[in-house]
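Protein chains in written order, with numbering that gives the first Met the number 0: chain F, 0 to 326; chain Z, 0 to 242; chain G, 0 to 557.
Don't take each hint at face value.
When the alpha-carbon atoms are kept at most 27 Å apart in a straight line, the in silico DSSO-like pairs for lysine-lysine are as follows [claimed, not checked]:
#1 G:Lys346 - F:Lys46
#2 F:Lys170 - F:Lys221
#3 Z:Lys119 - Z:Lys91
#4 F:Lys221 - F:Lys106
#5 F:Lys111 - F:Lys170
#6 F:Lys106 - F:Lys119
#7 Z:Lys112 - Z:Lys17
#8 F:Lys276 - Z:Lys157
#9 F:Lys221 - G:Lys117
#10 Z:Lys117 - Z:Lys91
#11 F:Lys226 - Z:Lys119
#12 F:Lys226 - F:Lys119
#13 F:Lys111 - F:Lys276
#14 G:Lys117 - F:Lys50
#15 G:Lys117 - Z:Lys17
Everything labelled a hint here was simulated from the structure, so no lab data went into it. None of the values given here were measured: they were computed from a predicted structure.
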Amino acid sequence: MQSQLPLYPEQASNFAPHVDALMLFITAVCLFFAGAITTAIVVFFFKYHRKAPNAVGIPIHEDSRLEAVWMIVPLILAMAMFSWGAIVYVDYRRAPQDTLDIYVIGKQWMWKAQQPNGLKEINELHVPVGRNIRLVMASEDVIHDFFVPAFRVKMDVVPGHYNTMWFRPTKPGRYHFFCSQYCGTNHALMGGWVTVLEPSDYSAWLSGSSGGNANPVVAGEKLYAEKTCSTCHIANGTGHAPSLNGVYGAQVLLADGSTVAADETYIRESILQPNAKIVAGYLPLMPSFQGQLTEEQILALTAYIKSLQSQPVPAKGSGIAPPTGKR
Amino acid sequence: MHRTGELYGQFETLEQQKESAALGMWIFLVTEVLFFGGLFLTYTINRHAFGTAFGVGSNTLDIRLGGGNTVVLILSSLTMAMAVWSAQIGKKQLVSIFLIATLALGSVFLGVKVVEYKQKFDHHLIPGYGFDIRYHSELPAPMDNPVEIAAEKEELEKAFAVDPDINAHAQLYFSLYFGMTGLHALHMIVGAGLLIWLIRGSFHGRFTPQYNTPVEIVGLYWHFVDIVWIYLFPLLYLIDRHR
Amino acid sequence: MSDTPTPDHQLPRTHYLNATYGSGTRSWLLTTDHKRIALLYLGSVTVFFFIGGVFATMIRIHLLTPGGALVTPETYNKLFTMHGVAMIFFFLIPSIPAVLGNFLIPLMIGAKDLAFPKINLLSWYIYIVGGCFVLYSFGTGGLDTGWTFYTPLSSVYSNSAVTPAVIGIFINGFSSILTGLNFIVTIHTMRAPGMTWFRLPLFVWAHYATSLVMILGTPVIAITLLLAGLERMFHLGFFNPALGGDPILFQHLFWFYSHPAVYIMVLPAMGVVSEIIPTFARKPIFGYSFIAGSSIAIAVIGFLVWAHHMFVTGESTYAALTFSFLSYLVAIPSAVKVFNWTSTLYKGSISWDPPMIYALGFIGLFVIGGLTGLSLACLGLDIHIHDTYFVVAHFHYIMVGGAVMGFVGALHFWWPKITGRLYPETLSRAAAVTLFVGFNLTFFPQFILGYLGMPRRYHTYPPEFQVLNVLSTAGASILALGYLIPMAYLAWSMRYGRVAGPNPWPATGLEWKTASPPPTENFDVTPEVTWEPYDFQNRPDLGLAAGAPSLAPAHSDD
Ligand code: HEA
Ligand code: HEA
Ligand code: CUA
Ligand SMILES: [Cu+2]
Numbered sequence: 000m001q002s003q004l005p006l007y008p009e010q011a012s013n014f015a016p017h018v019d020a021l022m023l024f025i026t027a028v029c030l031f032f033a034g035a036i037t038t039a040i041v042v043f044f045f046k047y048h049r050k051a052p053n054a055v056g057i058p059i060h061e062d063s064r065l066e067a068v069w070m071i072v073p074l075i076l077a078m079a080m081f082s083w084g085a086i087v088y089v090d091y092r093r094a095p096q097d098t099l100d101i102y103v104i105g106k107q108w109m110w111k112a113q114q115p116n117g118l119k120e121i122n123e124l125h126v127p128v129g130r131n132i133r134l135v136m137a138s139e140d141v142i143h144d145f146f147v148p149a150f151r152v153k154m155d156v157v158p159g160h161y162n163t164m165w166f167r168p169t170k171p172g173r174y175h176f177f178c179s180q181y182c183g184t185n186h187a188l189m190g191g192w193v194t195v196l197e198p199s200d201y202s203a204w205l206s207g208s209s210g211g212n213a214n215p216v217v218a219g220e221k222l223y224a225e226k227t228c229s230t231c232h233i234a235n236g237t238g239h240a241p242s243l244n245g246v247y248g249a250q251v252l253l254a255d256g257s258t259v260a261a262d263e264t265y266i267r268e269s270i271l272q273p274n275a276k277i278v279a280g281y282l283p284l285m286p287s288f289q290g291q292l293t294e295e296q297i298l299a300l301t302a303y304i305k306s307l308q309s310q311p312v313p314a315k316g317s318g319i320a321p322p323t324g325k326r
Numbered sequence: 000m001h002r003t004g005e006l007y008g009q010f011e012t013l014e015q016q017k018e019s020a021a022l023g024m025w026i027f028l029v030t031e032v033l034f035f036g037g038l039f040l041t042y043t044i045n046r047h048a049f050g051t052a053f054g055v056g057s058n059t060l061d062i063r064l065g066g067g068n069t070v071v072l073i074l075s076s077l078t079m080a081m082a083v084w085s086a087q088i089g090k091k092q093l094v095s096i097f098l099i100a101t102l103a104l105g106s107v108f109l110g111v112k113v114v115e116y117k118q119k120f121d122h123h124l125i126p127g128y129g130f131d132i133r134y135h136s137e138l139p140a141p142m143d144n145p146v147e148i149a150a151e152k153e154e155l156e157k158a159f160a161v162d163p164d165i166n167a168h169a170q171l172y173f174s175l176y177f178g179m180t181g182l183h184a185l186h187m188i189v190g191a192g193l194l195i196w197l198i199r200g201s202f203h204g205r206f207t208p209q210y211n212t213p214v215e216i217v218g219l220y221w222h223f224v225d226i227v228w229i230y231l232f233p234l235l236y237l238i239d240r241h242r
Numbered sequence: 000m001s002d003t004p005t006p007d008h009q010l011p012r013t014h015y016l017n018a019t020y021g022s023g024t025r026s027w028l029l030t031t032d033h034k035r036i037a038l039l040y041l042g043s044v045t046v047f048f049f050i051g052g053v054f055a056t057m058i059r060i061h062l063l064t065p066g067g068a069l070v071t072p073e074t075y076n077k078l079f080t081m082h083g084v085a086m087i088f089f090f091l092i093p094s095i096p097a098v099l100g101n102f103l104i105p106l107m108i109g110a111k112d113l114a115f116p117k118i119n120l121l122s123w124y125i126y127i128v129g130g131c132f133v134l135y136s137f138g139t140g141g142l143d144t145g146w147t148f149y150t151p152l153s154s155v156y157s158n159s160a161v162t163p164a165v166i167g168i169f170i171n172g173f174s175s176i177l178t179g180l181n182f183i184v185t186i187h188t189m190r191a192p193g194m195t196w197f198r199l200p201l202f203v204w205a206h207y208a209t210s211l212v213m214i215l216g217t218p219v220i221a222i223t224l225l226l227a228g229l230e231r232m233f234h235l236g237f238f239n240p241a242l243g244g245d246p247i248l249f250q251h252l253f254w255f256y257s258h259p260a261v262y263i264m265v266l267p268a269m270g271v272v273s274e275i276i277p278t279f280a281r282k283p284i285f286g287y288s289f290i291a292g293s294s295i296a297i298a299v300i301g302f303l304v305w306a307h308h309m310f311v312t313g314e315s316t317y318a319a320l321t322f323s324f325l326s327y328l329v330a331i332p333s334a335v336k337v338f339n340w341t342s343t344l345y346k347g348s349i350s351w352d353p354p355m356i357y358a359l360g361f362i363g364l365f366v367i368g369g370l371t372g373l374s375l376a377c378l379g380l381d382i383h384i385h386d387t388y389f390v391v392a393h394f395h396y397i398m399v400g401g402a403v404m405g406f407v408g409a410l411h412f413w414w415p416k417i418t419g420r421l422y423p424e425t426l427s428r429a430a431a432v433t434l435f436v437g438f439n440l441t442f443f444p445q446f447i448l449g450y451l452g453m454p455r456r457y458h459t460y461p462p463e464f465q466v467l468n469v470l471s472t473a474g475a476s477i478l479a480l481g482y483l484i485p486m487a488y489l490a491w492s493m494r495y496g497r498v499a500g501p502n503p504w505p506a507t508g509l510e511w512k513t514a515s516p517p518p519t520e521n522f523d524v525t526p527e528v529t530w531e532p533y534d535f536q537n538r539p540d541l542g543l544a545a546g547a548p549s550l551a552p553a554h555s556d557d
């Protein structure tokens, strides 16, 4: 712990130093202007205090050069703040390739997390230090927000959407996380702890307590059969539907000629609103599964489809555009 | 403020009064545009997402009634413009005649709207209350054309294959349909009230080439309400016509 | 005023308060006199300020201990929601425009009334009806959605009385629209001879800009809340993802109004400051046209930045970049104003009459609030401080430290005009200082709390945040005192205050050329304006040492 009255939380992720540096920079600019303006006001106030009851001031009307200066200087500083902030933000919104993906579901008023091997946690999240972690997040009811002050990151969890966030923990320890989007009665209780472990401890922890938890890929495979996906989506691409092998991460060519990157959001949409984007060369035959799958089941199906990474089988020729690199 | 003739106490001249009234009405119409704008935006986004359901919903509307109403409304705009013109050139009798014509056309429009709403009610297409997009095709009324009903059934079957939640999404369409046409009808009713007020004034010969501001600004309002319908008609009735 | 020897004045025999058409309740409730309507508004916004203030007090007491000292979680959520709704929609948005704007705009431009006096009265009634719906919602089950009404929480999940509240705010919107409409038309068509656009007081310019925002933004919030209400009542699916709707669409529509609305709250206060500063520095305001223009710029650019409240909703990176960029642009016109006010002090003849203390306090606190807005607009930083107490501190600095300070300052400045009487000066200086100190103690710790990671809308918090919360609560009690003292002596002064005379400070505006309180028709004869705004040099009627050769401009206009 830091001193009794710390000014900033612990720095425990790759983003923390950047965000703190930004804060320092902007605060410095703010202090400069606030200080300068206050000083000017105080000095003028005393220096030009009214000398006689009926005295008037000396009229000075306008000075365009001065006006220009105090528009341009703040503008330059503002653009500096904008650009620096934008760099950090773009980095934050674009996750690197080699992430460890963890699924997170928010619901009134608890967090469920699922590790890649299927281990489930409630209001806890274990991650290895030094790895790029990506959280893929969904909500079962209202909007929530996953916020880890020590990592300086947060992201809303919006029903009907997948949002993702990433970070790289840099320091083992236990850190608070909060729900930071107001979500009803127990919003303030919807928090928990992120535990950052050494990689070896993390794998020990994973294997030590994985018993009894279904692997999402396994669960997804089961669902894939149960929900009749497999009747149309045949692995070798001979069915009425495109093969889903290798679709995750590829660029999919659509009937309207555009392409789309097949990420979690795309797969989710394909399941819930199949007709929003039709794969080139196929008819809009797929039924919507809206309302028939829980968020958890959708996550499991997605995990399973992600695991199908053998070579894509472009059956009717045009289903999947030539691979242009992943994601 | 006390009134002196047609000049209200806070103004210095009739001209100033007229300018204020016209400007006020224009500004009011700007707020109306933004008001409807929120609805149009919601419509656009949802139609984009649920094109099929919106098409199905749209096809249940009666294009003859809607189209006829469009003509009626355009005519009423014409008579309204004539009323303003008559007031400006001082033909006091014509003012009354054209105002009454406008009111009559407006009432026809509202009457037809009632018929249309009644139909939707009979077909269980009122959102929230036992809404069922299939009701009409499953339980057609005796006088319904069997060919049409068959087409409707077939269309619905196709639509359900594409979008199993079509009932919910069609309900969304009808929410917007009632929201938008209802708001529009409310504006028509307000307009009709204003017309009645004008007609009374015109019987007393109030409107002269010098003083005709009320006719003019009610005219502006009436044209605005007309224009809203010009947008509503294609967006609600014509998006997926093939039946 | 104590340093200006004032002759003994008498109240005019008839004025708008006791005018010939009587002063009974009926004459007030049916009045179309803009000055009386302004006072009706003053009474009603004060009621809502008290209601909001009581909720705020309970919030602060509750947060004394980490576990929450006072109420259950449900109640706490209702407290801050109702606090926000009462303060924003029913106190701050109408405060300066509907009270002082209403009172002053016709006087300042030399008109007998607003262009549409009956519509003016109607808009007060609409406000009251809207207010009743909201109070009904507060009284029957309360409201626990946050003042932002985010869906699907508000439209599906909340069990509180959302529907009447939404209807109330919907209705209230029309009050705002009609006020804005009335102001714009009045400013366009009712100016006295010689009152050209560039002779308008900056207060009027600020209200012109505010009115633009009111008429363009308010219809959108009206329709948005209507849709949310319909969704709640009839299970339609506009915003509910379970029915195919999009909750993010609600946020876009909501902020499309509610960001510009923050300028409805602050622009009028800026107008007030632009009046007070030159009056008590006794010199023309520096950069008149830049201050006037920046009001319009804020109103226009203010419409283009709404999604900066949504940086972490998952909106596209490009949208975020655009909205962040535009948020920085909107800061520039605010900067222009601050610098011009400060420069106006240079070589002035500055007094420390109470309104001046409020105005200077406004500048200081607004600058802190505005500058921390820059931190929030910074994309990389907002991912950390979004929805923490940093945001709470930011907006209280602008809205309480800025706008409310401006409102109280304006009341002090125009009180002699409104009531014809003066208030005790030393006491009011002390109150201003109490307000300033209490305010900073309440809200400065919240910046640190926020950066440390305390989320907002929390009825309970980890113990390490307690020290700062206790400081904040302590500050709030001083702050409450800072509001109660002026309320007491202003009420007292209505009866016992010294008679002010037409122009006690003296100030240059047209409103000071008529009696205090003004007659019903405002001016006995329609005035004609022949002087430039804030010109103390060529106004022998003010009785100042003007025109003395030693006061010739040292360097001007270059
Ligand atoms: C009157 C009210 C008011 C005003 C005027 C402002 C003004 C500004 N606000 Fe604020 N804001 C709110 C009320 C207000 N805000 C409220 C209520 C919320 C929270 C809503 C909720 O979620 O409940 C909020 C939230 C809010 C957010 C979202 C935070 C979040 O939820 O994550 C952001 C982000 O960009 C923001 C930015 C700004 C900016 C850039 C300005 C600018 O206009 C400020 C401009 C002023 C200055 C910059 C100071 C003067 C300039 C100088 C002294 C010169 C130096 C200048 C430079 C170097 C550029 N505000
Ligand atoms: C105009 C707007 C306005 C004003 C004036 C205020 C004024 C105050 N606000 Fe408010 N506030 C908001 C707008 C405003 N607020 C908004 C929009 C929110 C967000 C809501 C949401 O999240 O949805 C908010 C949220 C908010 C919170 C965060 C709650 C949370 O997120 O959990 C807090 C916490 O301290 C707070 C405190 C205060 C205090 C101490 C005052 C003080 O300035 C009030 C001082 C006034 C009085 C005290 C009244 C006068 C005196 C009396 C009535 C006598 C009785 C009192 C005593 C004897 C002490 N406000
Ligand atoms: Cu979940 Cu707040
Ligand atoms: Cu904003």
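Legend entry - Pair hint lysine 226 of chain F and lysine 119 of chain F, alpha-carbon separation not exceeding 27 Å: Within the cut-off at roughly 23 Å; holds.
Inset, instruction - Please work out if lysine 112 of chain Z and lysine 17 of chain Z have their alpha carbons no farther apart than 27 Å. - result: violated (35 Å)
Legend entry - 27 Å Cα cutoff - pair lysine 226 of chain F, lysine 119 of chain Z: violated (36 Å)
Inset, instruction - Please work out if lysine 111 of chain F and lysine 276 of chain F have their alpha carbons no farther apart than 27 Å. - result: violated (30 Å)
Legend entry - lysine 117 of chain G paired with lysine 17 of chain Z [C-alpha distance capped at 27 Å]: The hint holds at about 16 Å.
Legend entry - Pair hint outcome, lysine 221 of chain F versus lysine 117 of chain G [Cα-Cα no greater than 27 Å]: violated (71 Å)
Legend entry - Given pair status - lysine 221 of chain F, lysine 170 of chain F, alpha carbons within 27 Å: violated (38 Å)
Legend entry - Given pair status - lysine 91 of chain Z, lysine 119 of chain Z, alpha carbons within 27 Å: violated (43 Å)
Inset, instruction - Would you check the hint for lysine 117 of chain G and lysine 50 of chain F, treating anything up to 27 Å between C-alpha atoms as holding? - result: violated (48 Å)
Legend entry - lysine 111 of chain F paired with lysine 170 of chain F [C-alpha distance capped at 27 Å]: The given pair, whose Cα atoms are some 23 Å apart, holds under the 27 Å limit.
Legend entry - Proposed proximity, lysine 91 of chain Z with lysine 117 of chain Z (alpha carbon, max 27 Å): Measuring from Cα to Cα gives roughly 39 Å; hence the hint is violated.
Inset, instruction - Assess, step by step, whether the Cα of lysine 221 of chain F is no farther than 27 Å from the Cα of lysine 106 of chain F, and give holds or violated. - result: With Cα atoms ~25 Å apart, lysine 221 of chain F and lysine 106 of chain F stay inside 27 Å; holds.
Violated hints, listed in ascending order, are 2, 3, 7, 9, 10, 11, 13, 14; each of the other numbered hints is respected by the structure.
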